[in-house]
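Engineer: Each chain is listed here by its residues.
Number of protein chains: 2
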Amino acid sequence: MAEEKRTEIDKLGEFGLIERLAGGVKHYHPETIRGIGDDAAVLDIGNEFLITSTDLLTEGIHFDLSYVPLQHLGYKAIAVNVSDIAAMNGKPKQVTVSMGLSNRFSVEAVEALYEGIHAACKDYEVDLVGGDTTASSSGLILSVTALGTVGKHDIIYRSGAQENDILCVTGDLGGAFIGLQILEREKQEYLANPEMQPKLEKYDYVVGRQLRPKARMDILHELRDLVVKPSAMIDLSDGLASDAFHLCKASDLGIVIYEDKLPIDKQTYETAAEFSMDPNTCALNGGEDYELLFTIPPGDFDKIKNHADIHTIGYMQKKENGKAFVTRNGNTVELKAQGWKHF
Amino acid sequence: MAEEKRTEIDKLGEFGLIERLAGGVKHYHPETIRGIGDDAAVLDIGNEFLITSTDLLTEGIHFDLSYVPLQHLGYKAIAVNVSDIAAMNGKPKQVTVSMGLSNRFSVEAVEALYEGIHAACKDYEVDLVGGDTTASSSGLILSVTALGTVGKHDIIYRSGAQENDILCVTGDLGGAFIGLQILEREKQEYLANPEMQPKLEKYDYVVGRQLRPKARMDILHELRDLVVKPSAMIDLSDGLASDAFHLCKASDLGIVIYEDKLPIDKQTYETAAEFSMDPNTCALNGGEDYELLFTIPPGDFDKIKNHADIHTIGYMQKKENGKAFVTRNGNTVELKAQGWKHF
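Residue numbers (our numbering), protein chains in the order written: chain D, 1 to 343; chain R, 1001 to 1343.
Among the hints, a few may not be true.
Stated by the list, open to error - Derived EDC-like pairs: lysine to aspartate or glutamate, alpha-carbon spacing no greater than 16 Å straight-line:
1. D:K26 with R:D1123
2. D:K229 with D:D218
3. R:K1026 with D:D123
4. D:K214 with D:D309
5. R:K1026 with D:E115
6. R:K1202 with R:E1274
7. R:K1026 with D:E125
8. R:K1011 with D:E115
9. D:K26 with R:E1125
10. D:K5 with R:E1108
11. R:K1011 with D:D218
12. D:K26 with R:E1115
13. R:K1005 with D:E111
14. D:K199 with D:E184
15. R:K1005 with D:E108
16. D:K5 with R:E1111
17. D:K11 with R:E1108
The hints are simulated quantities; they were obtained by calculation from the structure and are not laboratory data. Bear in mind the structure is a predicted one, so any value in this text is a computation, not a measurement.
Bound conformation, chain D alone (with noise of 0.2 Å):
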């Protein structure tokens, strides 16, 4: 009998698998205007779109309940599907979630999960509308699906930036990874010790970068006061240099990206010295920030200059001209997507 073949599904990645099975969908009803490739899906529903996201979180890989509060699980698996919402413009507006349980978990521990979860559901006004509880055989899951509306005509999908578009990004970067370095250390130290007390306190905001992000549905309403209409758009998840990827890949264009523009806080500033990380690729490469990445047309710039909390750090350009980072010193490198790998 012949060997049967066997490819590992770290040689294609996460995306690479996506594209592979993917290929080919067939799509029977007129009703659905995206499937697999951007943030969300999109459905046509009559007067406006309705937009959904899901994403499944387990146990080992994505968190780790040693450092992790329930409470915080379960708000931050709101929040980054809602996160997804807000990077197609759109308006949140229900949730599902689903929970695999192991017989390690009590009533008591499935009640914090829930507390985070209605803690989200409250900030970010949405529905839980249902779900699916299950036993699981190792560890925690979660799956989380969000619904969301946009007008047909507030849509932004990642593909739609045009060459000379000016990149923006919201809040600070690489914060949620150092966060995480922060919490792996004290862990260490405490399976090392366990008398010893956690000192947080130091990185009360890099750490909260990890634990509690926050989905910028307020960037949304503050672009429409300024009437900006970004043309494309991706929300952080993977890390600025994977995302910016995707926001190429969409929209068939390169990019530029200046190293002295990127946006990073002194604590991570500083946290990442006591790694010994560079900030900067902490920036570019550490995952799970949630802020959003966005582009404008260059005769916006002047609408959004002088918002203290959108930074512009890039511009697209002809895919030809490939992707750069420009360094703090002037040198132009090519841009380098390592991004957070769950594989």
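Could you slot chain R onto chain D? The hints should help.
Structural biologist: Relative to chain D, chain R alone:
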């Protein structure tokens, strides 16, 4: 320090836990018509309702890959979600599929799974529009969300049954459960003697009921042709008795089910005997048949009485009169819901 309270989840069970977690959930959007508590959530999207349902399937709990081919698993994951949409009298339109994979799985294995997913999408004419693909620290996790639409006057809830409505069930019952017993027995025999060839031909019908259930979309079309609109409906995932309890609870009624009316296939009957099991118990408490259980006004009886695949098995009665099971020899006993427990 006071000891923390710990309540085991199986003390509450799946439905008790869901009730506890969903208690007091506030909805922010008037478009959210129904949340937790039916086969699917219901959202008002203007001219019609959007319905959405989600299922989480975990290896070792919901399926055993030593006898479930990945193609069949993929097909079933879609079919059971389509079945939830069918149970609301809806038309399934889109699905998202999230997948957690341990490193045991190769690209070829995932492709086999997707073969089944694509086959089901084709059979039910649903569009695969998104999902999430990630690693899992143990085994395979599948989370499927289905979206569908239904006319506002066509939707059927679990809660619409009236006193004296006739209880109908489609197809036959207990087959999926008996099929599972066969597969488990063959697995044990194989483990004891790996040289042994599985003998499944004789059991093809019941094994097929377990491995490749169908969502009864056909019945919805036929009921429409017969101009019958059920007053309440649910799909049989947990088992007839357990799902009948859901109908009773939602409709605030009692029920009568007749043992001699239970539709049971000859192969189910004979195979149950091999295991010294009562086929009626299999029909009542075996899960995963994915048939439709519904109620119709007595005046509609004539319209369905000659339908070969719709069986009248009882009727709804006042809540105070309880839930009754009338045995073949005419005794009336209390109906008990053992159902499928995934805890």
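Engineer: So, for every hint listed, does it hold in this structure?
Structural biologist: Evaluation of the provided hints:
1. D:K26 with R:D1123: Within the cut-off at roughly 12 Å; holds.
2. D:K229 with D:D218: holds (14 Å)
3. R:K1026 with D:D123: Holds, at roughly 12 Å.
4. D:K214 with D:D309: holds (14 Å)
5. R:K1026 with D:E115: holds (13 Å)
6. R:K1202 with R:E1274: Roughly 12 Å between the alpha carbons, so the hint for K1202 (chain R) and E1274 (chain R) holds.
7. R:K1026 with D:E125: Answer holds: K1026 (chain R) to E125 (chain D) is near 10 Å, not above 16 Å.
8. R:K1011 with D:E115: Violated - the C-alpha atoms of E115 (chain D) and K1011 (chain R) are around 21 Å apart, more than 16 Å.
9. D:K26 with R:E1125: Given that 16 Å is the threshold and the Cα spacing comes to 10 Å, the pair holds.
10. D:K5 with R:E1108: holds (7 Å)
11. R:K1011 with D:D218: Given that 16 Å is the threshold and the Cα spacing comes to 42 Å, the pair is violated.
12. D:K26 with R:E1115: The hint holds at about 13 Å.
13. R:K1005 with D:E111: holds (12 Å)
14. D:K199 with D:E184: holds (12 Å)
15. R:K1005 with D:E108: It holds: about 7 Å lies between the C-alpha atoms, which stays within 16 Å.
16. D:K5 with R:E1111: Status holds; Cα separation ~12 Å.
17. D:K11 with R:E1108: OK: K11 (chain D) and E1108 (chain R) at ~12 Å, within 16 Å.
Hint violations for this structure: numbers 8, 11, all remaining hints satisfied.
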